[in-house]
Every structure is written in structure tokens, then in C-alpha cells.
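Number of protein chains: 2
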Amino acid sequence: MTLKFNNIYINESAVVAGPYLYNGPLSGKFDDCYSDFYDKEKTFEDCEIKELEKCIKILLKKISLYNKDIDAMFSSDLTNQLYISNFAAEKLKIPYIGIYNACASFTAELILASSLLNNKDINNVICTTSGHNLTSERQFRSPVEYGSPKPDYSTFTVSAATACLLTKTKSPIKIESGTIGKVYDLGVKDSFDMGSAMAPAAAETFYEHLINNDIDENYYDLIITGDLGVYGEEIFKKYCNEIFNIDLKNYYDSATKVYDMNNKKVLAGGSGPSCLPSYVFSYIIPKMKNKEIKRVLLLATGALLSTTSVNHKKSIPCICHAICLEAI
Amino acid sequence: MTLKFNNIYINESAVVAGPYLYNGPLSGKFDDCYSDFYDKEKTFEDCEIKELEKCIKILLKKISLYNKDIDAMFSSDLTNQLYISNFAAEKLKIPYIGIYNACASFTAELILASSLLNNKDINNVICTTSGHNLTSERQFRSPVEYGSPKPDYSTFTVSAATACLLTKTKSPIKIESGTIGKVYDLGVKDSFDMGSAMAPAAAETFYEHLINNDIDENYYDLIITGDLGVYGEEIFKKYCNEIFNIDLKNYYDSATKVYDMNNKKVLAGGSGPSCLPSYVFSYIIPKMKNKEIKRVLLLATGALLSTTSVNHKKSIPCICHAICLEAI
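Line order of the protein sequences matches chains V and X. Just so it is clear: in the first sequence, position 119 is 119 by this note's numbering, and no numbers are missing. Each number in this note's numbering corresponds to the 1-based position in the second sequence with 1000 added.
No lab work stands behind these hints, which were simulated from the structure alone. Beta carbons: idealized from backbone N, C-alpha and C, even for Gly. Hints may be right or wrong, so weigh each one.
Stated by the list, open to error - Interface residues of chain X toward chain V, partial, derived using beta-carbon atoms under 10 Å:
hint, residue
1, Glu1045
2, Leu1065
3, Tyr1083
4, Asp1185
5, Glu1242
6, Gly1302
Unchecked claim - Pair ranges (Cβ atoms, derived):
hint, chain 1, residue 1, chain 2, residue 2, range
7, X, Asp1247, V, Asn123, 33 to 39 Å
8, V, Asn218, X, Thr1169, 27 to 33 Å
9, X, Gly1187, V, Lys40, 48 to 54 Å
10, X, Tyr1038, V, Asn290, 56 to 62 Å
11, V, Lys40, X, Lys1294, 52 to 58 Å
12, V, Lys4, X, Lys1170, 49 to 55 Å
13, V, Lys4, X, Lys1249, 55 to 61 Å
14, X, Pro1025, V, Lys189, 42 to 48 Å
15, X, Ser1035, V, Gly187, 44 to 50 Å
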């Protein structure tokens, strides 16, 4: 299902980057950083909550608004029952709705926030995501035990908090349209291999978005998926080519752009709900503001598994939601 | 934050009720029932997925629509990473966004669906919730082990799938307004005592909804919270009285209405994301259609804890979102 939006803008954004991200290729482009997984807190979760809260405070400072000026906040993370988002929302006292579509939550939030702004009483909506490598290793990436070896097609969850403000006030980055995706499951059962599992969902939403908008792939200066990783990126291209006869040129996956890929620890690249937005906010939006890129299609992908579904030996249902950004 | 909606309606609804609910005081008012926690499936989760899928199919049959006619579906449940919603969405192939605000998800979904329907391309949106006593005991109600005794102020998760269709086509039940709540945490740490934890969040959202609409409590024929339970209901009334000087007459909590309260197993009453909607769809909406009740305020409450936050000895952040239904 594709929605067209009128006069909805990404007004401002902020990223607080953690280990592996802050000293990678995007180094120096973030609003704030932390260099270890505790950042002086007692638990990984408290660290993640702190960074999310910090990120939203940085965003509010940038736009000279107070918490009370924000009409609603959408937030998502990978922890069970959205532990991180819930506790950050409690501290911030901003009207809050939790979203869970795994790493596709970012674009789901942008679609919902853009719709909410259609209401005349709504003026400022924040969309946030949070990721922390070790909170997600603990709760999400079953059956990984700490320190166990991983295959090289596994991705490495991005530790970062991201936030952006959507408004009706004209700004350089417009949200032009969005497509809400369906869930696809082609039978991949290996929970390390999320790239292979998610690539078909990304391709299906991409194709639906093109058809519904009556455009082809060349309409976009750039198409970015996130987070398929090195191998998932290739599968996505192949799927688009073989199933939909689309030969992609102006495309890559954000998972391969956020880390120093020479570091073997990051394996097939980044993942997590903050992977795509941390890349988009720190690298793509500045380029759009400089008129280097005009139209971008973001395809955020989510692997909708849980430790319980993996233990039940289920395959991995996956989803992708699309958002088109335009520099004006 | 309060939103006013124009021409948004609950077109039709469906409930599939499980053990304790189907043979309680609402017996005979449901669309379908199952009498044991497996219902011929191998796991509790497979049972819950089956009932959710069945419920949506019943809804689609009632409204003579096919899956492809539905523009979007919001779904929520209590399992980690929304296991149930994700797998049901995969089977249904309806554009899907997962929501998590614990037992407040129902009204959050109605607010989001109503907003989405402001878009001219959107005509049919489904809001669903799913609950299963034993999947939530396993993943959510830490530190409860199977068979361990529980205090009498504990609630008993409702096993049911619920679904409703929101449209712009005129129907007897109108969604008039909604309030997105903030997160409140007054320091309750006992994860059995969710009623006490959630009551203040319910009262705060209730008061904000009245102020923003410039009305008093008598504007509504009926005010229903869900799911505070026997004790939380009393705390809510006391909080409203002492903090906001509101003396509630036309109010009760749905947790106390869904079970045979003489059954000691159900303790302080029902809970879970399906508690309030299963009551509203099976009992309140028929009364509204019969013109016995005109205006109802629904205050769905959510306890935003997780097993990890409980193990970290955190207190319980809570939220409540309000929805006003009007019979026309």
C-alpha cells in the first residue's frame, strides 16, 4: 500500500553513535559518541536508554523546542517489550507509541508520523530508533551465546540512537511517499542469515512501490536498503533482476557503509533499527541539503524472528517498508 | 495530545475467545471459541497464531472483503518481538505494522488507524490484538515460574484474538477522538501488581483527555479502563478523586467483567492486550448499536515492563491511550 504525502518534512535529525560506528567511515559526522558498551552505566540497557534520551535532547536543542512542544513520539528497538524505548519515553514525558517491525521500524515510523501530521492539531512528531550491540545479542540473536563463533554472513548490530523531527514546516528534506510492506517468508531458518531472509521482502516492497507510483528504478538518484549486509545486497540485486527484470545501478545497502569493513569483527556489516537511519542522517541528508542527491528511496528491512520462534525451528518472516525522500 | 477524528468508523469487529473467557459471563457473545490452550497445535504460540488468523478471517468474511482489499493492518501481542503478530501477518499478506504498548496497544492502534484513514488512498484498516495466557506467562510475567503461587492482586492474561475494521464509510460506531498518553512511573516494582502501577497513567491520560476536549466526566455515558483489575480499579477512582477532584460514577474496569470472578484462578481479573477489546466488541458495541449507550471513553492501560527490566529491579513504566466511541 503506497501513500502520498503533502508538505511533510524531516525538519532536523540527530545521531549518537557507539562502538564500531563512531570510529568507522562516518567518524566525525555524528552529533555525539560513546566509546564503550557501558558508557559509565551499570548495564548495557541503562547505557542504551541513556544514549537514546541524549539523542532526543540533542534533537530538541537543535530545533529549539521543549519536550512539551512535541505532539507524539514513535520509538523502536530490539529488546523484548521495547525496554529501551519505554524507559526513555518515561524520562522524556512526550506522548509515546512503541513500534516493532525489527530493523524496518524506522520507515514504518516515518509513514505513521507523516500520516499523524495530516491531523490539524499535530505539528511536531519525533521518530526515534535505538540499537546496542550487546542488548540485542542478549535478547534477540538466538541462539548466539556470548563469544560463540559466527559465520561471516552474520551482521553486527549497530550501537546508536537516532532521532528526527517531522513537521509541516517547509524544510530542505521532504517526505514524498511511503509504502507499507507485507510479510514474506521464503523459508530461511538460519537466524545468522538475516540478509538472505530479508532480501526478498525488500525486493517485493521495492517493486510494489515502483508499480503503485507508476515509475521505474531510474526515478531515484539513489536506492538504499538497510540492513541486508554484503551477501543480502547481492541477493536483493539478483532477486530484482530475475523476478522483476530490474537491473539496479544506483543501489547499495547501508549495512556495508557504516563500519570499517576491514575489521573482521563486523562480519557482513551493520544491522539493527539504527543502521539505516544513522547512515541516512549523518551522510545522505547532508548530501541532499548540498543538492548532490535529489531523490532517495529508503527500503528498511526487518527480520521478524524471536528467540522463541528460532527455538521452535520456524523460518524467518521478513518485512520492508519504503520511504521516498526528496531534496527541495 | 488529543486528536479529533472526522468520519472514521468501526465498521465491524470479531472476537475468538479462549479458555476462561469463552465460558465466562460473556459466553455466547463471541464469534468463535477454543476450549484448551493448544487447540490441536503443538505449541501455545502456534495456537495463538491460529486464533489470530482465524479472527481476521471471520472479520473479513463479515465485511465481505478479501485480504487484498485491506490497506493496512496494525497488530500487537505480548510475546517477545511480536512473534504472534508477525507470523499471522505472514499468512495473511496484508500490509502490516507491529505496535507495542503492552495492553494499551488496542487504543494506540485505533488512533494510528484513524490517522492513516485521513489519507485519501486508504479505505480499510484492520486493528488486531492477540493474547494467550500461557505464551504471556512464559515470556512476559517474570519472575513467575509455572505453577508458582501468585498474590490475589495479580491479573490473569486473557486468551483471545480480537480484530476490527476501521473505514470512512458511515457505520453505527464513530471514532470521535483519541488521546496519545505519556509514560508514568510512580515507583511500583512488584511485577504482579500491574493494576497499582498502571492506575496513575490511566488517570493522567483521562484527565488530559477531558481538559483537551473541554468536557467533564459526565460527558460520557460510560468510562471503561482496561486492564487494572479489582484493586487497580479502586486506585484509579481514588487517584481521580484525590488528584483531580473527579468523583466517578459511570466507570468500571473491563478486567472485572470478562471472567467469572467466583473462579479463584482468575485472581484480580483479566489483563493483556485483548482484555478491553474482547469486552468492548462483544458487549459494549452491541449495546451502542441498540442505542442503550451513546458515548463511551475507552482507557486502555499498558505496563511497559519486561523480564529484563524486572531482573534489573526497575520499577514499572506505564502508559494509557484514550479513545472516544460514539453511537450515531
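Hint check results:
no.: 1; hint: Glu1045; in the structure: holds, 6 Å
no.: 2; hint: Leu1065; in the structure: violated, 14 Å
no.: 3; hint: Tyr1083; in the structure: holds, 5 Å
no.: 4; hint: Asp1185; in the structure: holds, 5 Å
no.: 5; hint: Glu1242; in the structure: violated, 21 Å
no.: 6; hint: Gly1302; in the structure: holds, 9 Å
no.: 7; hint: X:Asp1247 x V:Asn123: 33 to 39 Å; in the structure: holds, 35 Å
no.: 8; hint: V:Asn218 x X:Thr1169: 27 to 33 Å; in the structure: violated, 39 Å
no.: 9; hint: X:Gly1187 x V:Lys40: 48 to 54 Å; in the structure: violated, 24 Å
no.: 10; hint: X:Tyr1038 x V:Asn290: 56 to 62 Å; in the structure: holds, 59 Å
no.: 11; hint: V:Lys40 x X:Lys1294: 52 to 58 Å; in the structure: holds, 56 Å
no.: 12; hint: V:Lys4 x X:Lys1170: 49 to 55 Å; in the structure: violated, 25 Å
no.: 13; hint: V:Lys4 x X:Lys1249: 55 to 61 Å; in the structure: violated, 47 Å
no.: 14; hint: X:Pro1025 x V:Lys189: 42 to 48 Å; in the structure: holds, 44 Å
no.: 15; hint: X:Ser1035 x V:Gly187: 44 to 50 Å; in the structure: violated, 33 Å
Against the hints set out earlier in the document, violations occur for numbers 2, 5, 8, 9, 12, 13 and 15.
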